[in-house]
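**Student:** The listed protein sequences derive, respectively, from chains A and F. For the first sequence, our numbering assigns the number 1 to the initial residue and increments by one for each residue that follows. For the second sequence, our numbering assigns the number 1001 to the initial residue and increments by one for each residue that follows.
Keep in mind that a hint or two might mislead.
Stated by the list, open to error - 25 angstroms max Cα-Cα, derived SDA-like pairs, lysine to any residue:
1. A:K10 x F:F1045
2. F:K1062 x A:R325
3. A:K316 x F:E1174
4. A:K167 x F:R1175
5. F:K1145 x A:D179
6. A:K324 x F:P1121
7. A:K316 x F:H1193
8. F:K1274 x A:D78
9. A:K324 x F:P1130
10. A:K62 x F:V1337
11. A:K20 x F:P1066
12. F:K1263 x A:K5
13. A:K5 x F:T1041
14. A:K167 x F:R1332
15. A:K324 x F:T1052
16. A:K47 x F:L1122
17. A:K20 x F:R1074
18. F:K1051 x A:S196
19. A:K322 x F:S1060
20. A:K324 x F:T1134
21. A:K20 x F:S1060
22. A:K322 x F:H1193
23. F:K1111 x A:G357
24. A:K5 x F:N1057
25. A:K62 x F:K1333
26. A:K324 x F:P1066
27. A:K324 x F:S1060
28. F:K1290 x A:N176
29. F:K1098 x F:S1194
30. A:K316 x F:P1059
31. A:K10 x F:A1053
32. A:K324 x F:S1050
33. A:K324 x F:L1056
Read the hints as simulated data drawn from the structure, not as lab findings.
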Amino acid sequence: MARTKIFALKRPYPRQSWNKHAVYNLFRYRQPTTANRTFFQQKFRAKQETRRFHGEYLTERKWNSMFRHTLRGVVSMDPASMARDDGSSAVSGRGSGNDALPVRLGGRFGRERERERDGRAIPFAQMTFAPLERRLDTAVYRALFASSVRQARMMCLHGKVMVNGVKMPHAGYMLNPGDMFSVDPLLVMRAIGEQSRSLFKRLSTQAKTDLQKAIEEAQSKTKSSTYLKASNTKKVLAGNADAEVDTDTFTAAGVKTASSSSPSETDGGEAAADNKTGKVATTESSPETLETETETKKFYLPSDWRSYLPKHPRWKIYDEWKPKRFMNLFAFIPRYLEVNHHICHAVYLRHPVARSGDAEVPNPFNNEMMQLAYNWYLRRR
Amino acid sequence: MPPRLRPPTHNVLPSPSTSTRTFSTTTPLPRRTRFQKTEGTRNGFIDFMSKTAPRLNVPSPKHNIPVYLSLTPRSLPTKPGTNAKKAISSRAPGVSRKQAREEIIDWEGIKERGGRYTPFPLNQMFHAHPVISTEFREEIVLRMKAERSVRRISAELNCEMERVAAVIRLMEVERRWVEQNRPLCTEMQSRIHSMMPLTPYTPFPRHESITDLPIHPSTNNQLFLSVPESMSFTRQHASEALGLLPADVRMPHSELIEVERMKQAGVSIEDMVKVESEREEREMKEIKEKRERRERREGAGKVVETERFRFRLKPASAGSVGHRYGVPAEDRKRGVVKIPTRVV
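The task is simple: from the sequences and hints, build the whole structure.
**Tutor:** Encoded structure:
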């Protein structure tokens, strides 16, 4: 891996990631000026900037071996006009076809036509980095199974990505047209879903107090110290009738009751509990000392405090999945992929192509810049 | 050291209205400050997160109109015959400006027109192409179950053949998951689809161009050919000169040209359907024969199924085929690429 710090604020570059810093850098990114630069400098700069976006974790040597000067393009044919005409009209006259609307140079009409023609031109230069789209990690990112190419790469390297039902631990595997790749749905939902805060932070102060008391109670009964873990969750969630469902509602209920319950009562109870079992807690299991900002009260919890909580149901994420921040800015699937998010499978249909006025490689740089980068890699500098 | 020149004293008070300076007084262009060490970068980021990020982070866009990165806040088109200023000034009591502005937005119009979305504002050449909706997928599977060929489904639904085939494969996996009682990520799918342009299923959907002819590299070079002046130079002639098949054959859905020809000749619909079904039958027969031939070829020898491999044994004589016994394989050699090139 080339470098780990990729979201610098001082030297911003667009990166293939949904990270907030990446979004900020993409938002304020402007093309470098080419004024007062030699052609070589322009090309070098274009190569630098584009390579920081496309496969920045690959060495230049690796990418050079993948680069192909042939770029794929398609022309959309009209069957009706092909049926009408055998193509001879395109070369009639002096060899370039009879033009019904000749270009009058300099006139407004002619310039408009030129502009229109430019809009319809096939942006071949945008396909410079098309070979990278064949890579398995990039395809996983494009299929919206990961929130950055590096994350997708990590998924591959950890053996979480399957190609045609076979584990493929090589991020550099070049997909062939028709290859089906898949990732475990739970992993995908966590990767592109809302970041879950740590469980303890989500609990309200009241809930934490309750939890601590309950744990201490449980530990004070030396004989049946584990009954809480095994049997019911109601004891842990004492005082919160709504909280038996799961930790989320537990938190909500805790917030509600926090204002109503008198702090002196809880403090007193806690002190009593502390006197009884404080030593036990410290000696038996290394306690976590956690401090909340609102009240400077210390919570002494055993290291296995999580096991006293009801388990967060695994299926919940299926019903309550929320997208990661800024996901909507990157929520597009290129045409060369067909993705089914129900099962987190995708098919690589064909190699990406450019068509009139449209290129399939997702790319934040304009045509001029890509043209310069392409020229750099032609090795005729 | 020469004596310093004293400034002229005759013009102590400069005239405020007219400038006597000869150089340009226009405001200079903003300097590029990208690589300068600015102290406000972190502050700028915090500013962005508080001011601009709420506009950009839209986890559930209204009316499923996708929101992509834009440098300036976009103004959505209003309904025809409405004026934003008038609507805001004459809003009912209790209605905020924002609500009044949102009420007159032409959501239906935006959906119908289905604009071209450019997720990267600097690159106008990349567009977010719509994806097919889940109903569309189900429709493809329904048509497949009605024993229609992939080619025909593709032509009917204006969807590439590769895509149709892929959707059928994916839906087969999904069906298997449902049978196995494995949970589907329906919530994630719907949330993702609400964020991107979508092609809903309609009786005659127009999803994408299905007759995309790949540009052959040999057509990029100029070719000089002397041709009689009186000769009409057709696509057929061009293909012969280039040594390729004509575009009429290379194009996917080349059968549509024949259909159009029949349409233009005024052939009745019954005849067209008849011709088409004959052609389809012929093609199916050809495919079937091809498959049988391949199976016969592959199944020539004995097949031994093991847990991991399916050995197809063919009669062969040692020495004439395969590696020589004792020669090590190169699959662990240094410098040889170990990444497989294909997974069957």
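**Student:** Would the pair K1111 of chain F and G357 of chain A pass a check requiring their Cα atoms to be no farther apart than 25 angstroms?
**Tutor:** This hinted pair holds, its Cα atoms lying about 22 angstroms apart.
**Student:** Take a quick look at whether K324 of chain A and S1060 of chain F sit within 25 angstroms of each other, Cα to Cα.
**Tutor:** OK: K324 of chain A and S1060 of chain F at ~11 angstroms, within 25 angstroms.
**Student:** Given the proposed pairing of K167 of chain A with R1332 of chain F, does the C-alpha separation stay at or below 25 angstroms?
**Tutor:** holds, 19 angstroms
**Student:** Would the pair K316 of chain A and H1193 of chain F pass a check requiring their Cα atoms to be no farther apart than 25 angstroms?
**Tutor:** holds, 20 angstroms
**Student:** Check the hint pairing K324 of chain A with L1056 of chain F against an upper bound of 25 angstroms on the C-alpha distance.
**Tutor:** holds, 13 angstroms
**Student:** Hint check: K1145 of chain F vs D179 of chain A, CA-CA at most 25 angstroms. Holds or violated?
**Tutor:** This hinted pair holds, its Cα atoms lying about 23 angstroms apart.
**Student:** Run the distance test for K322 of chain A versus S1060 of chain F: straight-line Cα separation, threshold 25 angstroms.
**Tutor:** holds, 9 angstroms
**Student:** Holds or violated: K10 of chain A with A1053 of chain F, Cα cutoff 25 angstroms?
**Tutor:** Given that 25 angstroms is the threshold and the Cα spacing comes to 19 angstroms, the pair holds.
**Student:** Has the given pair, K20 of chain A with P1066 of chain F, been kept, meaning a C-alpha gap of at most 25 angstroms?
**Tutor:** Holds, at about 19 angstroms.
**Student:** Does K316 of chain A pair with E1174 of chain F here, judged by a C-alpha cut-off of 25 angstroms?
**Tutor:** holds, 20 angstroms
**Student:** Could you grab the alpha-carbon distance between K20 of chain A and R1074 of chain F and see if it respects the 25 angstroms cut-off?
**Tutor:** Holds, because 21 angstroms separates the two Cα atoms, which is no more than 25 angstroms.
**Student:** Would the pair K1274 of chain F and D78 of chain A pass a check requiring their Cα atoms to be no farther apart than 25 angstroms?
**Tutor:** The hint holds at about 23 angstroms.
The structure is inconsistent with hint 12 alone, although it conforms to all the rest.
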